[in-house]
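Protein chains: 2
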Amino acid sequence: MNRFWSDTVRNISPYIPGEQPKDKKYIKLNTNENPYPPSPKVIEAIRKETGSILRLYPDPEASFLKEALSDFYRLEPNQVFAGNGSDEVLAFCFPAFFNPGDIISFPEITYSFYPVYAKLYGIGYETVALNNDFTIDLDRFPGHVKGVLLANPNAPTGIAIGLNEIEAFINKHHDKLIIIDEAYVDFGAESAVPLVNDYENLLVVQTFSKSRSLAGLRIGFALGNKNLIEALNRVKNSFNSYTLDRIAQKAATAAIMDKEYFAGICGRIVKTREATAKKLISIGFNVLPSKANFLFVSHDKLSGRELFTRLKADGILVRHFDMKGIENFLRISIGTDEEMEILVDRLSSYVNPVR
Amino acid sequence: MNRFWSDTVRNISPYIPGEQPKDKKYIKLNTNENPYPPSPKVIEAIRKETGSILRLYPDPEASFLKEALSDFYRLEPNQVFAGNGSDEVLAFCFPAFFNPGDIISFPEITYSFYPVYAKLYGIGYETVALNNDFTIDLDRFPGHVKGVLLANPNAPTGIAIGLNEIEAFINKHHDKLIIIDEAYVDFGAESAVPLVNDYENLLVVQTFSKSRSLAGLRIGFALGNKNLIEALNRVKNSFNSYTLDRIAQKAATAAIMDKEYFAGICGRIVKTREATAKKLISIGFNVLPSKANFLFVSHDKLSGRELFTRLKADGILVRHFDMKGIENFLRISIGTDEEMEILVDRLSSYVNPVR
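Residue numbers (our numbering), protein chains in the order written: chain A, 7 to 361; chain B, 7 to 361.
Keep in mind the hints are simulated off the structure, nothing from the lab.
Among the hints, erroneous ones may be present.
Which copy is meant is left open, because identical chains are indistinguishable; a pair holds if it fits in one copy or across any two.
[Claimed, not checked] In the DSS-like style, the derived pairs of lysine-lysine whose C-alpha atoms are separated by at most 25 Å in a straight line are:
#1 LYS265 x LYS284
#2 LYS318 x LYS28
#3 LYS28 x LYS307
#4 LYS28 x LYS232
#5 LYS307 x LYS330
#6 LYS125 x LYS152
#7 LYS178 x LYS28
#8 LYS265 x LYS277
#9 LYS54 x LYS30
#10 LYS232 x LYS152
The task is simple: from the sequences and hints, build the whole structure.
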């Protein structure tokens, strides 16, 4: 603490991301990165931009990227906002759409950055308990809040809500802004993007960090009614004119245009996920039905903490959350088939030590 | 306007950066970019990082970059904060050190992003008029404010304050946070970095966009007492864990380590600036004494607007601010010798049309 710290700094509890180990080489299944490299066209686009031109500021509007995104999602460019990772895009939503003292709502168990943003911007929040099976009951969301923030699929459970249910919810709460965080949607869930033209209270946020294999470059985006996008632009342009650097813009544009590569790696990850889930169930693990690039698993006899520690000692990093209700779960990112085989083999040895 | 807009969005007036033209090729002297490419070692570092590794998140702490910066400036790594351009670093200062309702002070004519940040974060501000010769009179800063934000050299004038004067000011206002924005300091002004260990109320902000030729990659940093740096880290980690992507981190680290290249291009720019200033004075322009990589110039008979428009028609982009007191000035970035010769030739033809 220090005499120059603001009240905000005194009161916030920063988000703690999954570790990025520097000590040794792990099988890294802890931060939901893609096991496959970015498209070769992305690498080529970066190489072309690597030169003298880096002395010049990037396009503050990221126009080419917005055009590529609007083409891909069949929207207009003014329905697209781009930012420095979906974390930044989500952060901008708070001052863009809520006043200090307003209340927004999200599930009790979800991406743990949401309450951190709310505290940073002085926005209140109410959480909604999950059902016992970790599904979200949309009927439990309170009527008096100003907005709802839903990760779909939810994190860290991986459980998705169907599009019909989402649409009914947006319809019912037409007075509230509904923000759907679709960071993991490309691995088999239904996206709400097709609803963007029909509902002015819907904002969809996505990222290049998972399905586009570009966590290292920090690109996220939002899709919505042009008035919502304009609010985000106004906040961004009052914060940092150039949030997306030249290389990130070129890489993201190339990534979005290589539809075939994208479909290919998403398909492989889904296949690996399903096979891994099957094997884990067969050796006695509880596995939630995931539509994301991770599995949320527990075992009745071994604690989450113990499993986490033993895997780490065996060179496998997964994510464990010390939070009531999920303390016995591990969130395991989907790696390559080879990595998942090693994981299953290790887990199997813990639960059947005599084998 | 839209029913979902927050009060903040309704009330802010976003910053408008200098144009990044897409229509045709200009001699671009409008956004203070460096005319020389980044160090070859930067290009090499980027090439090495361009591959499969981009699928992984960057180091959220940017440890290698902070180490390189602390080596260069003879500080400890915990006295260094790094962000997505100095614009982001400056933006974080507002919620980190000031409460809504607090008042900070800066010169009336300075980087026009400062009041934009203040409005975004609900911080009040008081501006201090410049002297008639556009110098800053530090004695005019009010005693009751919570902090002072000074660009040194100042923008868009280019005029610098000496280190002795800065130190006396920090001493006198030991109860206030003094933030020195040294975006242009490497072109001949005195940096306040050597004071960082002596004053816990001093924060220095710098950027890779000007002297390091990396405007396209968006890297800025702050140097100060470790408690001030911790406050910035807490805000950043409540906003976006990974503000600096992999390539930006590697590029910036390589740039800071290539001291020789850096000294070389800064020296060339200073030489070109001095030669250009001399020529402009000789053809009748008023030129403020600049320690930055730009000149702030006016002519008694031709308006700033007219000069701007004629230069643009002739393929030269400079910056003109429609603001009382400086409406007759142009801010001209220092380009290569060849570019500046063309500029002087054009300006000369406007003031001596019969020549």
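### Message
To test your reading of the hints: which numbers does this structure violate?
### Response
Hint check: 1, 3 and 7 fail, others pass.
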